[in-house]
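Line order of the protein sequences matches chains A and B. Take 152 as the starting number for the first sequence in the working numbering and just add one per residue. Take 152 as the starting number for the second sequence in the working numbering and just add one per residue.
All copies of an identical chain are treated as equivalent in the list; a pair is satisfied when it fits inside any one copy or across any two copies.
Below 20 Å or equal to it, Euclidean Cα-Cα: the simulated SDA-like pairs (lysine to any residue) are: (1) Lys-544 with Asp-183; (2) Lys-162 with Phe-204; (3) Lys-474 with Ala-196; (4) Lys-159 with Met-481; (5) Lys-474 with Val-168.
Bear in mind the hints are in silico, worked out from the structure with no lab data behind them. It should be emphasised that the depicted structure is a prediction, and the values quoted were computed from it without experimental measurement.
Each chain, letter by letter, is given below.
Protein chains: 2
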Amino acid sequence: MDTSEFRKRGKEMVDYVADYMEGIERRQVYPDVEPGYLRPLIPAAAPQEPETFEDIINDVEKIIMPGIASPACTELEMVMMDWLGKMLELPEAFLAGEAGEGGGVIQGSASEATLVALLAARTKVTRWLQAASPELSPAAIMEKLVAYSSDQAHSSVERAGLIGGVKLKTIPSDDKFAMRASALQEALDSDKAAGLIPFFVVATLGTTSCCSFDNLLEIGPICNKENMWLHIDAAYAGSAFICPEFRHLLNGVEFADSFNFNPHKWLLVNFDCSAMWVKNRTELTGAFKLDPLYLKHSHQDSGLITDYRHWQIPLGRRFRSLKMWFVFRMYGVKGLQAYIRKHVQLSHEFEALVRQDPCFEICAEVTLGLVCFRLKGSNKLNEALLERINSAKKIHLVPCHLRDKLVLRFAICSRTVESAHVQHAWKHIKELAAELMRAEKV
Amino acid sequence: MDTSEFRKRGKEMVDYVADYMEGIERRQVYPDVEPGYLRPLIPAAAPQEPETFEDIINDVEKIIMPGIASPACTELEMVMMDWLGKMLELPEAFLAGEAGEGGGVIQGSASEATLVALLAARTKVTRWLQAASPELSPAAIMEKLVAYSSDQAHSSVERAGLIGGVKLKTIPSDDKFAMRASALQEALDSDKAAGLIPFFVVATLGTTSCCSFDNLLEIGPICNKENMWLHIDAAYAGSAFICPEFRHLLNGVEFADSFNFNPHKWLLVNFDCSAMWVKNRTELTGAFKLDPLYLKHSHQDSGLITDYRHWQIPLGRRFRSLKMWFVFRMYGVKGLQAYIRKHVQLSHEFEALVRQDPCFEICAEVTLGLVCFRLKGSNKLNEALLERINSAKKIHLVPCHLRDKLVLRFAICSRTVESAHVQHAWKHIKELAAELMRAEKV
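Whenever a hint applies, use it, and build me the whole structure from the sequences.
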């Protein structure tokens, strides 16, 4: 949607809201719909081709408004999470469908998804151990629980361990910054020998520092064999898996218990929208379920209704699936794929520019929209370059450390980015680097 | 703002957004402002009288846009939380000001605020006990920790205990459904005698079931004496404390470590917006602080900057303080007070109608906008009445149990509610009750 259509549609939406407010007294306070009303009214998968704004807004009145407020909010979320899961070719077990045991939920952030998964895993292993040894207290079990992630995992994983009150150990990644079976198995063996209880592994697909990928096909079978919950954090990279040529990066997801990525990062859905799926939703809700009378409703014991409040930390929820519905339909799957491909192509364009310049080096494999690069030379030199780049305020780069090297990160992430921007940025970086090197030589 | 002004202003906002998008390449990628730039540009307190929409939107361009994105988002939140704290006459210790040790943060929900407070208290007591007895493991300490709330507290308190891995005990409330010193002290004495470690108390101001108030002036000194973290959950009632005539309900807040209420419930700020203050912000951030390089910034060691990511569960944040800024200025403090007063007056109007009818009884003191009532008679009779009311779909009531009685809850909560709605609702309830009683007699 360009800005001139945005002006038109935005103003129509303002009138829609005002009309709703003016007519609100003529509406019922409680909907007539029955549980499951919405799924049959909506296609089973996202459209391949874009639809028009009119089509969608007409469906709001026809499909959403009869189920305002809570049923529509919950049911659209279930269906949108199935749509998105199908776009990623997630295994059937992660989808809710009509009678599945899995399903998806929108969390606010990948941090919350990791925490929720860790808490569910903690509850599961605690109940399992207590069933075998009723004399064990939860605290005695918690003291021995260990979670694992790669040394490249996001800081939110360590934070989830802190909040959940369990040990979190980091596994040294290999020379491609990936967690591998051998290093994980070594840690497990040593921890089990010490009497600890490994229970939870976070594998990262697309790490924050350099967009590396843990080896799911190696790690997954170990987790299954050792009865550990496997959570996959693909916060950034997940969006790319809607393209067949990138889907192989998700191979091994079939071994996981939960999977998460952020459509708000790279799938054109506004912040916040973090998509999480689980294979067995009762394992998730089992960790949190409490039912006071003021939250009871007539359908809750029927099994027909999904109570998302048991899937998450907060109680209240916003109607975030509407954003997904609009975006998926306005772009179509093909439009979203084209968007991802353009970003990846632009990052390779930048990579090629860097590789052509003998003063610079590429520091990690470029797979998606992130290019890790640096001036050949000291960290101090690269710090000085970063300082010049960010002080000029034409582009903004966030650095990282890869082993002992300070690395600059060029991330393609704007909706409106074009080749010209990449070319300008590279020219600007080269100029600042040349200035720096002249200054250093003086 | 009526709907005709909403149409006008909403469309202006659509153009504002479109203009921004069209001109985005002419803007800097990083702001020029220095930490603390915003506070001097804004009054120290909310206006008493309403301001115009033009005034506010002009300030967006003048005050917010130069600090887009993150500095403006953080700094406006700090100032808005101070504004709101002053409206409530919170003790100075809870405000950030220019050099305070306390401060406010917007959480997504009261559930998260309770959890964050509990985790901070858990970290504080664990560090304190480990300093005294370094041989104690965190797990050995956690096993003995006990948190307390009234038996009327919201289910999210129990949930916070589950997530935090600590015991949560409920204190029997008195005949006004309030937690009192004697019952709390009794539990503390018994738990301490059993070797447990009391560390955290949640006091509720305005319980969900019947809007009762725990006795802060009794409980607060006990918490201070026993070195327990006192968290106040005033999710619903907190908004009323902006009116001098209701502020006494908050007396005793000076004993608390943290205080929370939801402006999204009753202060005209759209969902979600849950306001939380702490007296000592390092106790909060101490529970979560992790600083990977990709999240570092040049000001973080200066102490000049508030990093809200250490105050909460998620990492990312939305710009929610803008909602507060618009609402506080569009209504002015007087407008917000008038709104609260109108709702309280309407609930008393409903209470009077109920009291005039000998078939009905009032079941708890009416203090704010909630009226707990029932037909004199069995729970079964009241369940049948509730079923008739909710099936008719003209109004919607959510019940609760007060001791062994099923009680209907009439809650005044719409922005547009008038006396006529209350009168209609009562007439409707009376008609359905009469029908029911005729049917029962047959």
